[in-house]
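Taken in sequence, the protein lines are chains L and D.
Read in order, the letters of the first sequence are residues 1 to 255 in our numbering.
Read in order, the letters of the second sequence are residues 1 to 470 in our numbering.
Because the hints were derived from the structure by calculation, they are not lab data.
A couple of the hints might just be wrong.
What the hints assert, rightly or not - Partial pick of chain L residues on the chain D-facing surface, computed with a CB cut under 8 Å: (1) 75; (2) 77; (3) 89; (4) 91; (5) 95; (6) 96; (7) 97.
Stated by the list, open to error - Cut-off 27 Å, straight-line C-alpha distance, at most; resulting in silico cross-link-like pairs (DSSO-like, lysine-lysine): (8) D:414 to L:151; (9) L:116 to L:69; (10) L:18 to D:414; (11) D:447 to L:116; (12) D:226 to D:375; (13) D:447 to L:108; (14) D:23 to L:151; (15) D:23 to D:64; (16) D:447 to D:414; (17) L:125 to D:447.
Quick caveat: nothing in here was measured; it's all calculated off a predicted structure.
In this text, a Cβ means the ideal position worked out from N, Cα and C, and glycines have one as well.
One letter stands for each residue in the lines below.
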Amino acid sequence: MSQPLLEVRDLHASVEGKEILKGVSLTVNRGQIHALMGPNGSGKSTLSCVLMGHPTYEVTGGEVLYKGKDLLEMAADERARAGVFLAFQYPVAIPGVTMVNFLRSSLKALRGEDIKPAEFRKAFKEKLAELNIDESFATRYVNDGFSGGEKKRFEMLQMSLIKPELAIMDETDSGLDIDALRIVSDNVNKMRGPDMGVLLITHYVRILNHIEPDVVHVMVDGRIALTGGKELAHKLEAQGYDWLTKSKEEVAASV
Amino acid sequence: MSEAAIIQDIGSNYEYGFHDVEKSVFKSGRGLTREIVETISEMKGEPDWMRQFRLKALDIFLKKPMPTFGNTALLNAIDFDNIFYYVKPSDRAEKSWDDVPDDIKNTFNKIGIPEAEQKFLAGVSAQYDSEVVYHKMRSSLVDQGVIFLDMDTGVREHPDIVKKYISTVIPIADNKFSALNSAVWSGGSFIYVPEGVHVEIPLQAYFRINTENMGQFERTLIIADKGSRVHYIEGCTAPVYTTDSLHSAVVELIAMEGAHLRYTTIQNWSKNVYNLVTKRAVAYKNATVEWVDGNLGSKLTMKYPAIFLMGEGARGETLSVAFAGKDQHQDAGAKMVHCAPNTTSTVLSKSISKDGGRATYRGLVEVQKGCHGAKSNVRCDALLMDEESRTDTYPTMKIDEPGVSIEHEATVSKVGQEQLFYLMSRGLSEGEATTMIVNGFFEPFAKELPLEYAVELNRLIQLEMEGSVG
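Same shape as in the complex, but just chain L (with noise of 0.2 Å):
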C-alpha cells in the first residue's frame, strides 16, 4: 500500500500548561474522509490546530507526519504550501481586506507564482455560484461582518479554490443551514477523489447524511476512543456520547 498521506502517532498536546491531547492516533490514507465525532471539549478542534501549526499549543509528545515527512516541524505557512488545509471553525475577520485580494495573495504564496487575473476570475466566479454566494462578497473585506453561514461557505470557497492534499474540516457544518449544509456538503462529494484526504469534524450526524464518511472515530478527553465505519455515526446517533464517557473496557464490551 501506498505511504498514508496522514499519520497522527500517540500526539500529546497543551494549551497554557493543560494537556488536552492525551495520546491521539489516526491515520488518514489519499481518497479517504475520515469523520472525528466526539463530545464538547473532547479535543477535536485542538487536533485540528495542532494539524495546521497554531502556535498557542505545545505539542508535548508523539509525532505527525504528512506524506512521510514531519509535519510539526513545519510553520503553518509551510503546511499550507505542503498541501494542507484548515477550514476555520470561527474564522476571524481581517477589516480592510477584500476577499478578491486575500483569495490572490493566498493562491500566490500557495503556487509560488501570480495567477491570471482573467483565471482568477473565472475560477472566482464558478465557486460563488456553486456556493450560492452573491458575486457583492468579491469587495467585502475578509469575514468582517458576515454571519455564520457566510463564513461556513468562504471557507468553503477558499478549500474549493485551493485544491488541498489534505484538508481538515472543523465543524464546518455548525451554523449552517439545512439549504446551506447541502450546498456545502454537494461541494465536498465533488471534490472527493482519490488524491485528496479529509478530516471532517463534527459533533452532529447530520452533515455525515450528506457527506459519507469511509471511516468515523470518537473522540473523547484527549484520545480517539473508538473507531469505526459510518455505522459507528448511527450509533452515536441514536445514543448520544453518554456510553463513551464509561471506562475503555466497559466500551469495548458494549460494542
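With the hints as your guide, set chain D onto chain L.
Only chain D this time, still in chain L's reference frame:
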C-alpha cells in the same frame, strides 16, 4: 534573506536616508540670534513689516515656555543652540529641473518628484533645506488666476494678500514653535484660488532636509476663495543622521464661503527629525476643510491639525494615520472648534505602534454656545503590534450648547495571533500576513489618497513591516 539578516535589517529600511554633500550658497552659524533673524530678512529682501514681524516673533519665542504636554522629555532635549536656522542651497527657485543644481536634482529624481509632476500633478514646489529650489504650475491654472508660489515670492509679489492673512489663523504667540517659525520662516507655499475656480488635480509641495542639525521652518498659507476647490499635498523626507534636525512648520488654511479645501500630508521624515508643526484652518459658511494626515516618520511628531468652523453649515474632517516604530513617538490628533450653528466635524484617527514605538491621540472637540445643530463624530482606532509598544488617547470635549450630537469612540486592538494564524494557514508568510493586516487597518485612510499615493503608502508599510519580522 536569512532570519539573522532580516533581524539585522530592523529599522534600517528607510530608503530616503542618503544625503548630498553640502554645497549651500549660504549657511548661518549654529544657534538663534537677532542677527540671524535680520540676516534672513535682509537676504530675502523683505519689506520692513515682515522684518518687524520676525523680530517680534523672536522676542515671543525667547519668552515662551516649552509645551508642558506631550513627550516633554524629548522636547526638553532639543538643543536650540546646535541648530542651523537658515541654509540656502541655491540662488533661486527654478522653473525647469535642468536649471536646478545636479545634486539637488538627483535627490528629487530619486524621490520621484519630476516623474510625479509629469503624471498627475497640477503644480509642484520642491524645497531643499531652507529654500524652494524648483517651482512650477501648469499654465492653464495661471490663466485662471490661481496663485501657487513659494512663500518668499508670495511676500514679494502679493504683499497685500499675505499681510492681510498671515498669522490671522495661527497667532505668532500661539505656542513656542509657532513663534519660532514666525521668526525664522523660509520657504513653504502661498496659494490663492480665485472665486469659483476648481483646481481638479492636486498641487504638491515636497520638503527635503539635507543638512545635519538643520532647522526647516516652512510657512504655508492657502486661501480658497468663495466656491473654489483645491487639493494640496505635501511630502517630506530627510537623510539619516546620528544627531537631530528640527522641522517646525506653520500652515494656515482659509476656506471662504462654499469652498472645498483638502490638505494631504505624507510625512516620512527620518528618525532623527523632530516634527513640531502647527496646522490650523478656518472654514466659513458651507465651506469644507479636510486634513488627511499620514505620519510615518520622524523621532517625535507633535501635530494636531485644527479646524475652526466659523460659518453656518461648515464642515471639517480630519483623517489621520500614524505609524510609530522603534524610537518613535507620534503624538498627533485633531481639533475641531464649532463656532457656528449646524456645523459638522468628523475625526478618524488610526495608529499603529510597533517595536516599542508610541502613538498618542490628542484631540479636542469644542462646541461654543449658540451652535445649535452641531454634530461631531470622533473615532480613534489603535493597533498594537507587540507588548513593548504603547498607545494613549487623550480626548478633550468642551460642549457649551445643549442638545448637540457628539460621538466619541476609541478602540485598541492587538494584531491578533488568530489573524496571523488564519492568513498563514492560507500560505502567507508571517511578514506578508502582518503587512496585509496593517494595510487593511490603514485602508480607510489609503482610499482617500490619490491612487499613486495609496500605492506609495502601501509600499512604505510593506518596507516597515516585512523587513522587521524574523
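Here is how each hint holds up against the structure:
1. 75: holds, 7 Å
2. 77: OK, holds: residue 77 (chain L) within 8 Å of chain D, min 4 Å.
3. 89: At about 12 Å, which exceeds the 8 Å cut-off, the nearest Cβ of chain D leaves the hint on residue 89 (chain L) violated.
4. 91: At 7 Å from the nearest chain D Cβ, residue 91 (chain L) passes the 8 Å test, so the hint holds.
5. 95: holds, 6 Å
6. 96: holds, 3 Å
7. 97: holds, 4 Å
8. D:414 to L:151: Satisfied, since the Cα-Cα distance of roughly 22 Å is no more than 27 Å.
9. L:116 to L:69: violated, 32 Å
10. L:18 to D:414: holds, 25 Å
11. D:447 to L:116: Judged against 27 Å, a Cα distance of about 25 Å means the pair holds.
12. D:226 to D:375: It holds: about 24 Å lies between the C-alpha atoms, which stays within 27 Å.
13. D:447 to L:108: holds, 24 Å
14. D:23 to L:151: Not OK: residue 23 (chain D) and residue 151 (chain L) at ~61 Å, beyond 27 Å, violated.
15. D:23 to D:64: violated, 34 Å
16. D:447 to D:414: Distance of about 23 Å is within 27 Å: holds.
17. L:125 to D:447: Between residue 125 (chain L) and residue 447 (chain D) the Cα gap is close to 25 Å, so the pair holds against 27 Å.
Hints 3, 9, 14 and 15 from the earlier list are contradicted by this structure; the remaining hints agree with it.
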